[in-house]
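Q: Sequence order for the protein chains is A and B. Oh and the first sequence: position 244 is 244 in our numbering, straight run, nothing missing. Oh and the second sequence: position 213 is 213 in our numbering, straight run, nothing missing.
Take these hints with a grain of salt, some might be off.
Unchecked claim - Sample of chain A residues facing chain B (criterion: CB under 7 Å; computed from the structure):
no., residue
1, Pro34
2, Leu39
3, Cys51
4, Tyr81
5, Gly209
6, Gly218
7, Ala276
8, Arg278
What the hints assert, rightly or not - Once the Cα atoms are required to be at most 27 Å apart in a straight line, the calculated BS3-like pairs of lysine-lysine come out as:
no., chain 1, residue 1, chain 2, residue 2
9, A, Lys213, A, Lys229
10, A, Lys305, A, Lys339
11, B, Lys410, B, Lys397
12, A, Lys229, B, Lys15
13, B, Lys382, B, Lys340
14, B, Lys410, B, Lys340
15, B, Lys15, A, Lys213
16, B, Lys382, B, Lys410
17, A, Lys283, B, Lys340
Since the hints were derived computationally from the structure, they do not count as laboratory data. Ideal Cβ placement from N, Cα and C applies to all residues, glycine included.
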Amino acid sequence: MLAEGALAAGCRFFAGYPITPASEVYEVMMRELPVLGGLALSAPDEISSLCYCVGASLRGLKAMTATSGPGWALMIETAQYALMTETPVVVALIQRLGPSTGGATQGAQGDVWLAEFSTSGGYTVPVFSPSNAAECFELAVHAFNWSERLRTPILLLSDKEVGMTSEVVDNEALPIPALVNREMATANADYLPYAAQEPEGVPAFAAVGGEIKATVTGSAHDLQGRLRKNSPQVISVLQRLQRKIEAHAEEIELVRPDLDPGARCLLISYGVTARAARQAVVKLRSEGVRISFLHIQSLFPIPRKGLARAVAGVEAVFVAEENLTGQYRAALTPYLSGKRIYGINRIGALISPSEIARAVQGVMA
Amino acid sequence: MTPEAHGLYLSPTAKLPYCRGCGHALVVRQLSRALERLGLPPRSVVLTTDIGCVGLADALFPYLHTVHTTHGRSTAFATGMALADAILEAQGLKPIVMIGDGGAMIGLLHLVHAAQLNVDVTVLVHNNFLFGMTGGQHSALSPLNWVTATTPHGNWIPPLDLLSLLRTAHATFLARQLATSQELESTIADAINFPGFSVVEIVELCTAYGTRWNQASGASLEEIVRRQGYALGEVQTEMERPTFRDLYRHGMESLRPKRAKPAIPPLHAPAILTEEVRLVVAGTAGERVQSAAALFCRAALAAGLYSTQKNDNLSTQGSGFSLSEICLSPMPIEYTGIEKPDVVLVVSEDGWAELEDNGTVATCGEETLLLLDAQIEAVPAKGSVMRLPLRREANPKRAALAAIAAWLEKNPLLPAEAWEAVLELEPAERRAESAAALAIGRRLARSGSAP
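Same shape as in the complex, but just chain B (with noise of 0.2 Å):
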């Protein structure tokens, strides 16, 4: 028996929701057809619909997957059907999305990048020039001069050639067919049958309105489509590209495995830290402020203290200042911002204006140590200060670094060893470096000058 007499794609007897002449019910009935043609098991089978009259044509299969959308994300939602399908074991889901020309053009992203994945989605977009369900308005799709409900005087603006964008998208399967074609199911079957993505788009005439504003019919359909400049049939089926199954599985078998993250190993010379110290590191955006920060962050954790960083930068990420506000206790920490710093290294004049300009110099106290780079030519109004020739003795990027290791000369609350323990996970290239820095700090912090 055939899946039809099965009842298993669209009954011959299905009275169709459509307008008497409407393309669509063409449509449905060579959909029907072609998967008979192919024998696919209805339940490997998902219709997709859009919105607007095409989207009545879920209910017409009872047997075929259904999922009936909004507009102009049908194709969408089933690229991420046929994505999941294609990391599963069992796989072999055909989705076929159902998409008028008004779903076509706001849903246009979905078709560009279904095409540029090559998912094993077919998407039937029934082109009848204009908005059906809501009244007849014209559409992108719209020829020129053609009337509407929104076209009164005819259509001025040129109509979207699709098929050919989606050429430039590298869409493997693309044709173009008038709904009254004796070739159309075939072309249907073509489509479905190919495991990349494939586009059918069916030229089709609505009666409710596009025959009524219009000299139109079934017979002129050709014309309409030639003035177009637009060829039928199979346009392109030329590139051999791999499917996103293809991609998937390559993709699978070059994966890196995954990177464990370096444990910090338990020290046995704790920190020495009774009360939270709050401390802002400042400078340059590039020039490893934040990083220097995350190191110092990871050698706390490293002697058992808990810790908070939080970074700022401009939008554009690489230029202007860049800042670490950090926070070390013994405790586990709450508040991460900074009420009044303990210390502030700056060791940039682009850090020391951000600080300037977000504040934080005016929350600076009496008993707030800055540090600064030498070059750095403003006089803090509170706190005592610190001046050390960090970009030049340690070069710009190693500064912060430095800074931090100049501050801990003075205040040695890590023990040596948690230094030690952080730089082992660091890559070697970075550690040398690092290294340097920290001796670097130190050594300014001894013969620099005292607050």
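The shape of chain A in the complex, shown without the other chains (with noise of 0.2 Å):
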């Protein structure tokens, strides 16, 4: 479904190389893309499958490629070239048991950290994360818009639960959301390939090959990106990097709230855990405990204005993730002062509803 979301969405290349639990997305982009026109390839590994993406796009195609931890880990040097050349690209992520090789066909979410926290510098990386497969479907869509919208790499992280879980999906009640296309520049003598309109703007985009001289690197440059040291422009490129992602964050923001307003504790999830956690609060509030439920789909940034709104008034916050240390909790504290903050964690398996309902009666009660 998350292939079908990136067709939906207007993908017109992949690259890809095999992994286990990313092969059934490649494998659905070669068998589907050439029909549709476009391009899908095997790439000898998987910083060749990032850099044609890359390539591709900046030839004006909207690209992604999917993999897993170990696949990841050699993409990073080539995701941030994508930030910093502001070239769209969407990566799916579909996590598996780490470390390193870990466990190829066990599900996980410890790649939270390893997908956000990738880039030198720190900068905000979008990521999306479905929990089912109609949501693979509908958050692919959003990944790829968000990506051209602000040419930035964004991530989509799924894991083997997900991606490797056949489910009914009604096909005629999936929300498609409009598309969108990155804003291309116009001849102009006055183009300058990294300069907006405002400090928080998204520069338009010039391809290679086309009327408007592209200039695209991944060095420190100024605004006609010009190789140059930490000159007034180059920091204001760099700035603006970070604010044109901050600047969106609100309206990149999805979560399903489940609040209910006299609730003494909040349960936050995402992902496959996500699915439990709704079960967990439907048998709590048949046991009586007063608690707000909140789904996260976006990730990163940080959705603040949702937080705020499901945090508030409540003493007690339980994360629940597939994770040994609890990575998107420890994401979101900055977020929770003044709360008590719970994990609910485990590694090897899925996190159960009735795990998350015993931990909340084990404080709340």
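The task is to assemble the complex, starting from two chains supplied on their own in separate frames and drawing on the hints.
A: Okay, here's the thing in structure tokens:
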């Protein structure tokens, strides 16, 4: 469904390398893309996969690759290049159990930090995380749209349990967000490849091979794309790369709140664990626990608005995620001051609804 | 007027950012002349530069598209651009890569794959036997005994013969020239003009480090090359290979039409299920456990149910156990795991061993129904057990589906029409097999031991 979503979003280029549990996306793209007049290709490694995608995007196509933790580790240099050069590209990162080769056929939500905190300089990389097949489709379209609009790499953070589990989807009920395409530069003698109208704006795009000269560089550059050391222009470009994401943070935000105005506690989850959490909330409420639930679909930038609304008035916050150290909990902590924060964590298997309910009861009872 | 007069390529007065006597300056000028000779529109050329002193060249060509990349990856980015160009209606992009000997080695895979693909990319490898920008460290292309910052006693690792290696990857245009050669301009022009992948290894000297530590000068360059046993000139243009553009065009002609997913017809006889059921089917890899589960889920869908199917097997795929965890529900399903199974169907010892291993057996309660193949010796501690000779009667590859059918015979939650609807959509050769498996399962359940 993630691949179907990408195709619906207008993706016309895919380069991939086999890795469980991302190979399904690769196979669907190899089968379907040529039929749509696009190109899907086997790359000799993950570095090449993402380089090919970035190259294709520079030529003007919407491009995506799919991988898992070990492959993403190899792609990070190129993802930073896409960020620095403001080249739209989508990476589907289907998590498996790490570290290293880890467990290829075991699910995990252990790549949250590796996905987000992957740039020198600590730039915000938007990350969407689907919890089921229908969301794979919908969030893939959002990922492409934001990638085009902000000219930046976007991660779709799924995992084995979502990516390789079959489930019933009502195709006719799938929401298809309106498609967004990058703003193209128009013939203009004053075109500056790295200049935007506002300090948090996005420059218009000149495709390699088009009528307007494209100047692309991963080195620190001025508005013209010239290699310069720390000139004020260079610093302004580096600041704009972050500000353009922050300025759109509220718009990027995708959360599914289920709030109880009298709740004493809030349960937060994402990805596959959000499904167990939703079930746990039903159980807890039936047992008389006043609890709110926040299912976060856009992990980064942190959905501050939805979070603030959900957290208002509660004493305790629980964050359920399938990793050892509470990666997303740590990322949320600065926004939860004054609250007692509890992690519900496990590796090696899905976190079950009763496990979550027990953890909440243990504190709140 | 010539492009040069327009200032379209390299300006004759351009101040080059290179050390005095550096080979890079010669290459930049010859590249500009080669482009003039070809008369290529500047907007049809993209200069893709690598990291190192070669990476300064993009700024010298103000009218070409320029892409300054990461170390060693310039070829891969250029390949991506060429691949995309090959599928566009307005084609004709000419990517030219400028890379050093260091970049060629760290990005060797990209050169090899570009050669295999035969994309229209020209790579100019500036081989000055060392990493110049970082202080003169040796590279994989440094000659034997070459003195560098990191081989102060001389290099003792034999250099890589890049062109020979790329020949084995079916590169179609390979050439080696001295930066000082009169023929460099025409060789570069031939390489760019060539419709497939082309590489020109340009041998030159780094005057900051190469000539400082070695007895070498422009005059001795040729001897250095000969000593390595390398030939100069166009080394090979022998094969008539289709380019990637040709391959793509040809591939598009032989495309098979999009395979429409068979739609499951709506049924008028819905399932009889008011509460969620969670079951595990386990057996041996290669014995169609997961495909039996998938067929079951489709039948459930035909009967209006929601289902999820979560598979597990060893990463080798074709050996050991294979299992599916299935949830069926009249309502959309959230949690896809199984805290306590309602039904456990096990058709081989491999399957049973895994369920003991992964903890499923321990989660079974008194209400759990365990339907086991008669050959399984284990005696479950909890739950009601039913044993049927599934493997013997149905054969191992049909045992899982037969087990499902046997359980459904006792708990008739799906109407017969649901199975008929999905079997109808199966490939003909599978249909008879599946129907037989279902029939055997039903028969065994009717005659078999009651739990």
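Q: Can you give the numbers of the hints that this structure goes against, from lowest to highest?
A: Hints that this structure does not satisfy do not exist here, as all of them hold.
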